[in-house]
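Trainee: Can you build the whole structure from these sequences, using the hints too?
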Amino acid sequence: MDEYDEMYGIEDDFERQFADELEVMAEMERESPVNVKVSEFRAKKQTFEEALTSADSALPDTDTAAAQEREEDEALTPKAKRRKQDVAKKLHFEATGDDITPPSSPETCQRSERTRSGFSLSLSPDRPVAAEPVSVLDISGLAVLQESPKRATAPRHVLKRPPASGDFITVTDCMGNRVYLRKTQEQDEQTPDPRFFRNSQSALGLLAVPIEVLKEQVSERRHRQLVEESQRLTELLNSGVDPELLVDGVIEDTEDENMNTPDESSASRLWVDCFAPQHYMELLSDDFTNRCLLKWLKLWDWVVFGRERKSRPPTAESRTSSTSTQNQNQRFKTKSQITEEILEAELDQYKRPKLKVALLSGPPGLGKTTLAHIIAKHAGYNVVEINASDDRSAELFQKRIDTATQMKSVLGANEKPNCLIIDEIDGAPAAAISVLLATLNRKDSREGEESTSNPLKKKKKKETVLLRPIICICNDLYTPALRPLRQHAFLLTFPPTQQSRLTQRLAEITRRQGMKADTGSLMALCEKTDNDIRACINTLQFLHGRGQRQLDQRVVNSMSIGLKDQNKGLFSVWQEIFQLPRSKRKRFGGDTLGGGEEAGLKDGSQRLQHILHLASSTGEHEKLTQGLYDNFLSMKLKDPSMANVCSGLDWLSFSDLVNECVLHGQNYSLMRYLPFLPAAFHHLFATNSVPRISYPNSHYEGLMKTQHTKNALVAMLAEIPPSVRSRVCQNNLCLDVLSLLLELICPKLRPVNPQLYSTREKQQLCELIDTMINYNLTYRQERTPEGQYTYILEPNVEDVVRFTGLPPRRQLTYQVKQLIARETELERMRRVERAQQKHNPQKTETVQEVKEVKKPQGKTRTSRNHQQRLENIVRQTVVESKPEMDFFGRAVVPKEKAAASTATDEDGKSSVGAQIGKAVGNSDVWFRFNEGVSNAVRRNVYIRELL
Amino acid sequence: MSLWVDKYRPTSLAKLDYHKEQANQLRNLVQCGDFPHLLVYGPSGAGKKTRIMCLLRELYGAGVEKLRIEHQSIVAPSKKKIEINTIASNYHLEVNPSDAGNSDRVVIQELIKTVAQSQQIQSSTQREFKVVLLTEVDRLTKDAQHALRRTMEKYMATCRLILCCNSTSKVISPIRSRCLAVRVPLPSTEEVCSVLMGVCKKEGLLLPAELARQIAEKSGRNLRKALLMCEACRVQQYPFSADQNIPETDWEVYLRETANAIINQQSPQRLLEVRARLYELLTHCIPAEIIMKGLVTELLSNCDGHLKPDVAQMAAYYEHRLQLGSKAIYHLEAFVAKFMAIYKKFMEDGLDNFMF
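If you're matching them up, the sequences are chains A and B in order.
Counting with the numbering used here, you get residues 128 to 1074 for the letters of the first sequence.
Counting with the numbering used here, you get residues 130 to 485 for the letters of the second sequence.
In case anyone wonders, no lab produced these hints; they're calculated from the structure.
Derived CB-CB ranges, DEER-like:
| id | chain 1 | residue 1 | chain 2 | residue 2 | range |
| --- | --- | --- | --- | --- | --- |
| 1 | A | VAL841 | B | GLY162 | 39 to 45 Å |
| 2 | B | LYS299 | A | VAL841 | 21 to 27 Å |
| 3 | B | ARG305 | A | LYS763 | 48 to 54 Å |
| 4 | B | TYR446 | A | LEU739 | 24 to 30 Å |
| 5 | B | ASN157 | A | ARG799 | 58 to 64 Å |
| 6 | B | LYS299 | A | THR620 | 54 to 60 Å |
| 7 | A | ARG799 | B | GLY162 | 58 to 64 Å |
| 8 | B | ARG305 | A | PRO708 | 54 to 60 Å |
| 9 | B | GLN366 | A | GLN964 | 36 to 42 Å |
| 10 | B | TYR446 | A | PRO607 | 41 to 47 Å |
| 11 | B | ARG305 | A | ARG958 | 41 to 47 Å |
| 12 | A | ASN838 | B | LYS136 | 25 to 31 Å |
| 13 | A | ARG799 | B | ARG256 | 54 to 60 Å |
Heads up, the beta-carbon is just placed ideally off N, CA and C, and yes, glycines get one too.
Mentor: If you want it as C-alpha cells, here you go:
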C-alpha cells in the first residue's frame, strides 16, 4: 500500500500530504526524495510484469501465479472465483491493505483518470500495460528485448551520472560501463506500436484465456485500484489525518464479505510490524534523538550524493519549533549542546563527518532499529542490515561491510546508495568490531582530488575509504567489546519513550483493532512494561488474540505478561532491595478497586514477587548476596532489639548452606531458593530513604589478604630444613609458633661490634642465628619511600602475625638487624661449605679458615686447576711409555713408571717430553711457561735446572 | 636446633616425659611384630608427632631421623599438575595431602599407591613394610578418605599407614575402623611444669615454679606453646621473676579485644566493627572454629550465669552451620549478632527490674 502512497505523493499531492514533514526536512537540510521514490516504484512494477510473464508462459497455473503475484501488488480480479482464492491466500500471506472499493462515483472516477494520466507519464516506457488502458497484447519479456537497443539510440545525450532531476534509466553494457538515460515523453508514445504489431501475430490461441481478456482484467483491476486510491486520497486530504489510520478505516468500512480479512491477516502478523511507523513523523522515540541521527546522516550527503552542504545558521523559527517539542529535555541541555556541536563540526578531508559511525544505545523496545531504518530510508538510502542472526565472524563481517559500503546493486532495482545498519552490535565478537574499526580508519592510498570529483567512482576501488554511513545499534553501550568503537562513534543514547506519546499510540491501535481501553489502563500497561513499545503492543495483541476486547486496570495489574526478563545493573538491584517503592498513582488505583487492606496485602506480595523476579533475573547471585551483606548494616535500621539483623544474618547463613549444597552436591534444584534471600532482606531492611550503596569488595579483599598470608607461610616453610619441617605445619605455625618466634628473635643485644661481646652474648647471638636459619628467616634491606633504609624480615611473616590495632611489637635497632643479617648470611655460606666438604672431602686438602668464606672457595678451585693440568701431563707420559706394562690406575702408574723410565732413558729411546712428564709427576714443584708473553728478559730455563 | 622445642624433643619412646604407659604399649606393639595401621589423634601440642617419630625410631632405628624433603609432582587424570612436598627417610614417607587442596584425592591415589606398591628389597634385615605418615587427615575431603580405605587394605603387606589428626569426628568411620586409634591427650599442668623445669635445668636456668605454672596455664597445656613461651620469657628478661609478663600470641589478644567490644556495646554499628575484626582474624589464617571457640570462651566468662546455657547452645548451633557451610564470616557474624540480641535484651530486662 505504501508504495502507491508514495507514488501519489510524488505526483500530485506530495506537497500537501507531507507538508509538515517537509517543514522538518527544511529545517534539517534540503532534501529531494523524488527520484528515489520513483525507482522504488519501478522495482515494484517489475514484479508485476514478471507476474504477467509467468501468466503467459505457464498456462495451467495462470490463476494461482497471477494471484500470488497480485497479492503483492494488491491486485484484484473481478471474478468471484478468483476472489475466493485470494481470500484463501490471504490467510497465509500477509496483506495489509488490499480491499475492494465500491463502484466509485463519477467525480472520483474523473479524478482518477486525471491522476492516472499523470501516473503513466512517470512510468518507464517498457511498461505500457499500465499506461495504456486500451487492451493490447503484451509479451513483455520479448518487448523489453526488442526495445532496449532502440532506446539506446533514441536519446541524444547519454549521461554518465544520474541526472539531477527527472526520471532516468540505468544501462550497463557488457564492458561494465554504466550510463544513464534521461526519459522523455515521446518514448511512451512510440512503444505501443511494436506490441500492437506483435499482437496480431499471436492470435493462435495458445492461452486458454485470451491475452486480451487477461489484459483487460489487469487494466480493470488497476483502474479500480486507482479509483480507490484516489478516493482514499481525497478523504485523506479532507481529513488531514494520518494515512495509516485511514487505510484501516477504509478496511473497516468495506463490505461484509471482507470484513474478517484484515482481522485474520493481522492476527497472523504481529501488530508490532503492522503498526510500525512508516514515516519520520510517526516515530515515537524522542524527537531530539531522531533529529540528531537524521542530521548526522545528512552530513554524509556531500560524499554520498555529491550535494554540497549548505552551512546556514539555523533560523530562529526552526530553533523555536525544535525547542518547543523538547521542553522536557531542558535539563539535558549541556549534553545536547555537545551533540549539536558534533553535528556542526567540519567534515574531514573526504568530506565525511568526523565520526563515521552512529552508535544508538538504549534498552530494548524503544524503537532503535525502527528509527535507524526509517531515517536511512528518509535520507534516501537503501538499508542493509546485519544483525545477531547473521554470522559475524571477522572475515565474514569484513566481507559484508565491504559489500555494503563499497558496492551497489547493479541491476536497476535499488540504485540508492547503501546505508549499513549493524544491529545488536554489543553481541558481536571483539574481532568483528576491530574489523569495523579498521574499516572506519582506513586511509586512502590515492587520496586527493578524486575523492571530491567523483565519489561514486571512487568507491569501486579496493581498499578505499569508507564512504557510506554506518549505524550501529546496541543495548549496552558499555560492553567491553564496544570500548574501542565508542571513541569513534557518534553516541546517541535513547531516553525512555514518553509515556504520553506511547499511550496515545496505544489508544490509536486499540481503537483501530476494536478494543476498548481507557487511558488509565493503557498508562498502567506502559508503566508495567517500562515504556517498552514492543512489549506494550505485543501484550495488547495477546489480549486481543484471547478474545478480550475490554482492557481495564484490573486486567493489566493481574497480568504476568509484559514483564520482560530485564537485566538491570547490580547497583539498581541493590537499590531496589533496600528502598521501599515510592507510592505511585498505580497503587492508589489499586486501592480504589479493592479494599484498602486487601490492596496493602497485595502490595506486599507484589513487592515480594518483584524482588524475587529481580533477583532471579540478575543471575549474579553470589555478588548480589555479597552486596547485601556488605551494605545492610549501614542502612538506617530501626531495630533496637537487633532482631532484624539476626534474622537477616540467619538468612545469609541459610543461603550459604544452600549454596554449599548446590555446589558440592550438584543439587541445582535447590537454586530456586536462593532468590528468597534478597526478598527477605527487602522486607527486613527496606527503607524509604535512598540507600547509599558501596560496591562489595570485603570478600575479595579478604581473599587477597589470606592469599598473601598463605604465600608468606608457604615461602617460609619451603626452605625449612626437614628435621624442623616435619614438626611444623602451616596451621600451628600461625597459631602457636610464629608470634612467639618473632618474640624470640628479638633478644636484647648491645649495639656494639660483635667482637666485643662476652662469650655469653656471643653464644646468644649464635643461637639466634641458628634459629633464624632453621626457620628460614633473614633480614633484607629495603628502601622505604622516604628514602630510609630498613631491614625487614624475609619472608615477611611479620604481616602474618601482626594485627591492626594492637600495639606494635618491639623491634631491633637497625644496627643489630644489619649485624644479624650479615651473620646469618655468613653462617649460611659456612653451612653450605660444610655440606660440600662432607659430600666430597678428598678434594680439599687444605684446612680452610672458618671465618673466610670466599677465599677457601677460590683456593680449592686453583688447586683443582693445577691438579688437572698435572694430570694431563702425567697421563701423556703414561700413554707414551705404555707398551711395557698393563694399564693401572693413574695414581699408581707414575711411581712404577719412574723406575722403568729411568732404565729406558739410559737407552736414549724416550723423549724429553716423557722425561718432563715423569719429573712433574714425581716432584712437588711445578712450572709453566706461557709462550708469546714476554715482558721480561728471555732466557732458556730447563725444567731440570729447576728441579 | 636452637629452639628449645626442637632441641629437647625426646627421640625415643623411653625418653618420653608423660603418658608413659601409652609409650610402653606402643613399644610392645612394635616388638610383637604385628603392627597395625594407626590413627593418632589429640589436640594440638600434645606431642602426637613426637610420639610417632619415637615409634618410627623404635621400628627402624636411627635411620628414620635422616630426613629429606622431596618435591613430588603428580599429574591428575585431568592433566592438572599437582606439586606437593613430602618428607621422607629411607623407611617412611610423610605427606600432608590437604596441601593439595581439592585434589587431595589424586595425591592419595597416586602417591601413596606408588609408595605402597614398591616392596622393600632386603626384607630380611628390615621390616617388610614401609610407613606412610599422613598428617591432618581431618582436613581431607570425603573423596580422598574414600580413596584411602581401599588402599589401606590392598597394600597391607608392604605398607602401614599412620594417620595423624586433631579430631576423629571428620574421619569417616570406615577408616576409623581400619585403624588402631591412639589418643594422645594434652599433658596435665603438672606435667607441663615438670617438662619446663627439666628443660630449664638442662639450659642451666632457674625457673620459678610459680612462673612455670603460669606459663602452663596460659598456654592452655599446649606443650609446644608452653616451651616457646618459656623461651620468650627467657629472651625478655633473664633472671626470671615469678610475676613477669608472659608473652602471648597476637591473635589471642586480638580475639579477646573483639569479645570485649561485643560486650561493651550492642548495635549494628558495633557489629560492623566486629565484622572487620573477624575478617582480620580470618585473613591471618586463624581457622574459623578456633575463632568461634575463643569468642565463646571469652563471652561466657563475661556474661551472666543465666545466659550461659543459651549462649553455649547458640554457639553449638552456629558452629555446626559453620562446619556445613563455606563462608565462615556469615556464621560467625550471625553468632555475634544473636549474642548481641540476647545480651541486650537481658541487660534491658535487668534494668527494668531494677527500676520497678
